[in-house]
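Chains A and B supply the protein sequences, listed in that same order. The first sequence runs 1 to 110 under the numbering used here. The second sequence runs 1 to 118 under the numbering used here.
Worth flagging that the hints you see were computed from the coordinates, not collected in a lab. Do not rely on the hints blindly, as some may be mistaken.
Calculated lysine-lysine pairs in the DSSO-like style (CA-CA distance at most 27 Å, straight line) [as the list claims (entries may be wrong)]:
no., chain 1, residue 1, chain 2, residue 2
1, B, Lys14, B, Lys66
2, A, Lys97, B, Lys41
3, A, Lys36, B, Lys14
Restraint-style ranges between C-beta atoms, simulated for each label pair [stated by the list, open to error]:
no., chain 1, residue 1, chain 2, residue 2, range
4, A, Gly15, B, Leu74, 41 to 49 Å
5, B, Glu63, A, Lys68, 38 to 46 Å
6, A, Pro39, B, Val3, 45 to 53 Å
Even for Gly, the Cβ is constructed at its ideal location relative to N, Cα and C.
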Amino acid sequence: GEDVEQSLFLSVREGDSSVINCTYTDSSSTYLYWYKQEPGAGLQLLTYIFSNMDMKQDQRLTVLLNKKDKHLSLRIADTQTGDSAIYFCAGTSGTYKYIFGTGTRLKVLA
Amino acid sequence: GAVVSQHPSWVICKSGTSVKIECRSLDFQATTMFWYRQFPKQSLMLMATSNEGSKATYEQGVEKDKFLINHASLTLSTLTVTSAHPEDSSFYICSANQIYGTTGYEQYFGPGTRLTVT
Chain A
1 GEDVEQSLFL SVREGDSSVI NCTYTDSSST YLYWYKQEPG AGLQLLTYIF
51 SNMDMKQDQR LTVLLNKKDK HLSLRIADTQ TGDSAIYFCA GTSGTYKYIF
101 GTGTRLKVLA
Chain B
1 GAVVSQHPSW VICKSGTSVK IECRSLDFQA TTMFWYRQFP KQSLMLMATS
51 NEGSKATYEQ GVEKDKFLIN HASLTLSTLT VTSAHPEDSS FYICSANQIY
101 GTTGYEQYFG PGTRLTVT
């Protein structure tokens, strides 16, 4: 089955850019997603990218997809303290089933 | 976007009792809903796929007799944790699919239910 890996922690200073990386094993996902989870809360969809795209930009967020290396990244420009959260990448396996990465805890230092 | 709600948002129960968690799609109909479990500082693990009008499909290793799922209507799925034990304490998140056209869909997540079994 699909295996999705992320680095566990990332710490950046306010105003810097953050880059969160994700690697996956199954290349059949039509879409790949990035979700944000704040403490004690559910998941908030940040952005997604269609599998035939290389890049997608949405305001401060830039998603890069390297299908050859099965690597997905999320860049947050001008990171703010409110961006501190856990970020999950997710792909799909089969019909509708989401497989989530291990999650990256982003800490933004003031 | 569409909204998925869960009730209760948190619950504390005694060991041996059963707890029911509701997942509702508020402004759309969902033939398929999903139940996930999240342990502290870990990722979401898919427990089962809930299909309206038919039996749920459970992931490998998930006890169907312990985690009863009922999807009786197009806007409601329930997860009942039967004979709960402390190891069942977790954050349970549901999601629901909104279908567009013949092949498009988007999955919306509920806010989660924190279950603590004492």
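Going down the list of hints, with the structure as the test:
1. B:Lys14 x B:Lys66: Holds, because 16 Å separates the two Cα atoms, which is no more than 27 Å.
2. A:Lys97 x B:Lys41: holds (22 Å)
3. A:Lys36 x B:Lys14: The given pair, whose Cα atoms are some 32 Å apart, is violated under the 27 Å limit.
4. A:Gly15 x B:Leu74: 41 to 49 Å: Holds: the Cβ-Cβ distance is about 46 Å, inside 41 to 49 Å.
5. B:Glu63 x A:Lys68: 38 to 46 Å: holds (40 Å)
6. A:Pro39 x B:Val3: 45 to 53 Å: 21 Å Cβ-Cβ, so the 45 to 53 Å window is violated.
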